[in-house]
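S.K.: Just so you know, the protein sequences line up as chains A and B, in that order.
Just so we're aligned, residue 0 is where the first sequence starts under numbering that gives the first Met the number 0, counting upward by one.
Just so we're aligned, residue 0 is where the second sequence starts under numbering that gives the first Met the number 0, counting upward by one.
Honestly, the hints are just simulated from the structure, not real lab data.
One should not assume that every hint holds.
As the list claims (entries may be wrong) - What follows is a list of derived Cβ distance ranges for each label pair:
no., chain 1, residue 1, chain 2, residue 2, range
1, A, T241, B, V249, 48 to 58 Å
2, B, F203, A, E128, 45 to 55 Å
3, A, D133, B, M235, 52 to 62 Å
4, A, C11, B, T177, 19 to 29 Å
5, A, R156, B, L4, 25 to 35 Å
6, A, Q106, B, F254, 31 to 41 Å
7, B, S97, A, G22, 51 to 61 Å
8, A, G22, B, L154, 36 to 46 Å
9, A, T157, B, T177, 27 to 37 Å
10, A, G22, B, G57, 50 to 60 Å
To be verified - Covered stretches of chain B (in silico footprint by chain A; criterion: 3 or more residues with CB under 8 Å from a CB of chain A, positions within the stretch not fixed):
no., stretch
11, 9-20
12, 159-165
Said to hold, decoys possible - Residues on chain A that point at chain B, a partial pick, calculated with CB under 10 Å:
no., residue
13, T154
14, L158
15, D323
Note that beta-carbon positions come from the ideal geometry of N, C-alpha and C, so glycine has one too.
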Amino acid sequence: MSENLIELNNVCKEFVTAKHYPGFKGAVKGLFSKETVTKTAVDDISFAIQEGEMVGYIGSNGAGKSTTIKMMSGILTPTSGSCVVNGLEPYRERKKNARNIGVVFGQRTQLWWDLPLGETYTVLKEIYEVSKNDFEERMAFFNDVLNLQEFMHSTVRTLSLGQRMRADLAAALLHNPKVLYLDEPTIGLDVVVKDRIRQAIREINQNYNTTVILTTHDLNDIEELCQRIIIIDAGKKIYDATLDQLKCDYGDSCSVLFEWKQNLDSNQEDMLQTLGGQLVLHKQEKGIQVCFSKKECSVAEVIAKIMGIAEVKDVQIKETELTDIVKRIYQGSEGKTV
Amino acid sequence: MKKYLRIYWPFAANQIKSNFVYKGRFYLFILRKFLGMFIYYYLWMAIYASASSGELGGFSRSEMILYVFMSYTISDMVMVGISSEIGYDVTDGSVAMSLTKPIDYRTRLVFKSLGVMIYRAVVPTLFIWIGLEIYKVCKLGMPVTNPMTMTATLLSVLFSFFIYIFFDYCFGMLAFVTTYIFGMNIIKNATLNFLTGRLIPISFFPTALQKIFSFLPFTAMTYVPVMIYLGKYSGMQVLEQLGKQALWVVVLYLFGSFLWKKIERRIVILGG
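Just need the whole structure built from these sequences, with the hints factored in.
M.R.: Here you go:
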């Protein structure tokens, strides 16, 4: 088993802000009060990530995802606990750590706003001391996957969101970092651009064994890219396992939709009723929906049973989608904390 | 050193390039500067016209003309605010992007300002200085500035630049504490207009105040280089003033490092 590249142990982060009061009177009162509110954004999180892993880090809005990423990239200092990335404590050795990481924050850009896009890359080349050969090789790769050349000479402020995002990803990868943090990299992008970005991330991971940590609200990103998933809620880690494990744990429910060739007679109706047991039946206008747990019986069995009763025109199998699973986990944790 | 320059120089160079990006801004900027200078010039001329003696605060009318243009151009060149930039960085949270790079935040800001300074040194300062030198010799009948004085002035301007920028960096650290700095910046600028001698030469202030000012870094930001240029200091005094400026550069640099160490730990990134 290889060494852990990233290790977080009991990391907490608290923010202290001045207390604000509602209304105009409150605003004035706020000027004179010294009361503060402490908000725990990250609460006792521990996990370890190995080199080359692609991990989806998800949670509802405000769960503390970005805060964790910022601690791992050395911008924020944890209130307590330890965080080690590639043998360094990011916030103690920020500049050294910065050489090992690439960061994309979906809502910010690191590109040079007023200048043609190409300028940004030349600056980054100097900052990270990328050799000429490496630079050319990587730029060629980015051009290839992300199609940058069509807007290489446009000023950054004139780029569309999709173009900017692609350019930003290339900027984060130019120095071939060991770890890539992506904080909502596909926010607000169309399907084609999303696809390109995923493609680039996948190739980088395969070619350079780059470790990728990805936060997103688009679970398709996770499904296409990550092998592992960490879910946090209200600053606490609530789930950490491989994607397959997650599906096994939560994705066992399955439903099959049958459409009858012709209406059932009363005899067939009775036979359906006797099925019962592990199968939950929902009658529909022209057919029936059968819900069951995959742990108890297989799809083939269910289909065979129903086809034995009546002639079927059409069958649709619906597995639980990741979205539903995650929704269930979020809701489950809310139920626990309330 | 060479490596250092290779990493940080692009920040200065790009700042110079950015200044040419917006054409309208380019011309309006120059126009605004000339407007400011001439308002200031006519104001002083009116004061001298109505004064009973030809000398005010130790300045003859001709010297005051030089003072007006020199102090205006020097403070314009030297006072490239970084605290407002820190303020923006903090308010919209983009400081996060700077901190994920293997570069020093302050050095980056200093080089950016250096870019602006170089830009302003050429557009339009250099041309004003040449014009002023011609005016000085042809119209005011004063001798050509000797190379020694010019060198000392330029050196002093460079020190002024670093004093101001390191001071402004310390001031900008407030942005991390208060998360908003715009108002304080306006107060700071208004105060500095007085304390640096940009608005009124320091010699117009009461002696007691002048004594206090000599212990503060502000006169070293504009007043000192202008006085060197005007030849108001003797050779030894020039060296003394330059030494004092160098000392302020070091002190403010160290103080800035100290503040950053304190503040780095409690940085908050706004806006998600």
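S.K.: Each hint should be assessed against the structure and marked as holding or not.
M.R.: These are the hints, each one checked on the structure:
1. The beta-carbon spacing between T241(A) and V249(B), approximately 56 Å, falls within the hinted interval of 48 to 58 Å.
2. Between F203(B) and E128(A) the Cβ separation comes to about 52 Å, which falls inside the hinted range of 45 to 55 Å.
3. A hinted range of 52 to 62 Å for the beta carbons of D133(A) and M235(B) is consistent with their spacing of about 55 Å.
4. Evaluation of the 19 to 29 Å hint for C11(A) and T177(B) yields a pass: the beta carbon distance comes to about 25 Å.
5. About 28 Å separates the C-beta atoms of R156(A) and L4(B), a value consistent with the hinted range of 25 to 35 Å.
6. In this structure, Q106(A) and F254(B) meet the distance hint of 31 to 41 Å, their C-beta atoms being roughly 34 Å apart.
7. At roughly 37 Å, the beta carbons of S97(B) and G22(A) sit outside the given window of 51 to 61 Å.
8. About 57 Å separates the C-beta atoms of G22(A) and L154(B), a value inconsistent with the hinted range of 36 to 46 Å.
9. Separated by about 34 Å at the C-beta atoms, T157(A) and T177(B) satisfy the suggested range of 27 to 37 Å.
10. Restraint check, G22(A) to G57(B): a C-beta distance of roughly 57 Å satisfies the suggested window 50 to 60 Å.
11. With 6 residues carrying a beta carbon less than 8 Å from a beta carbon of chain A, the stretch 9-20 of chain B meets the three-residue requirement, and the given coverage holds.
12. Only residues whose C-beta sits within less than 8 Å of a C-beta in chain A count toward coverage, and the stretch 159-165 of chain B has 0 of them, not enough to reach three; the restraint is violated.
13. This hint holds: T154(A) has a C-beta 7 Å from the nearest C-beta of chain B, less than the 10 Å allowed.
14. Given the 10 Å rule on beta carbons, the hint for L158(A) is violated: about 15 Å separates it from the nearest Cβ of chain B.
15. For the restraint placing D323(A) at the interface with chain B, the shortest Cβ-Cβ distance is roughly 26 Å, beyond the 10 Å limit, so the hint is violated.
Checked against the numbered hints given earlier, the structure breaks hints 7, 8, 12, 14, 15 and satisfies all the rest.
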